[in-house]
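Given only the sequences and the hints, what does the whole structure look like? Please build it.
Add 366 to a position in the sequence shown, counting from 1, and you land on the number used in the working numbering.
Simulated from the structure, these hints should not be mistaken for lab results.
All C-beta atoms, glycine included, are put in the ideal place defined by N, C-alpha and C.
One thing to keep in mind: the hints can contain errors.
[Unchecked claim] Here are the simulated lysine-lysine pairs, BS3-like style, with alpha carbons at most 25 Å apart: (1) LYS421 to LYS411; (2) LYS391 to LYS411; (3) LYS391 to LYS421.
[As the list claims (entries may be wrong)] Here are the simulated distance ranges between beta carbons: (4) GLN435 to ALA385: 28 to 36 Å; (5) ARG426 to ALA403: 26 to 34 Å; (6) LYS411 to GLN386: 13 to 21 Å.
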Amino acid sequence: MLRICFILLAFTISQSLYAQEALAKLRYQEAEEAFNAGNFSLTLKKLDDVVGILKDENPRTLYLRIQAQ
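Shown next as C-alpha cells:
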C-alpha cells in the first residue's frame with residue numbers, strides 16, 4: 367500500500383512539473399511575439415511571468431530581457 371501511495375505521489379509531482387514547464391514555454395513564446403511586435407513593456411512582463419514559474423532566470427530569458435530593455 368505504501369508503494370502505491372509513493373508511486374501516485376511521484377506521478378502527481380511529475381505531472382505538476384510538466385504543466386509548469388509547458389506554461390513557462392507558452393509565456394516565453396508570448397514574450398517573443400510581443401518583442402517582435404515592438405511591445406517591450408509586455409515582453410518584460412511576460413518574462414517576469416516565466417521567471418516566476420521557473421523560479422530562475424535562464425540564458426534565453428536573460429538575453430530577451432536585455433534586448434527588450
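Handout entry: Violated constraints from the hint list, given by number and in increasing order
Key = 5
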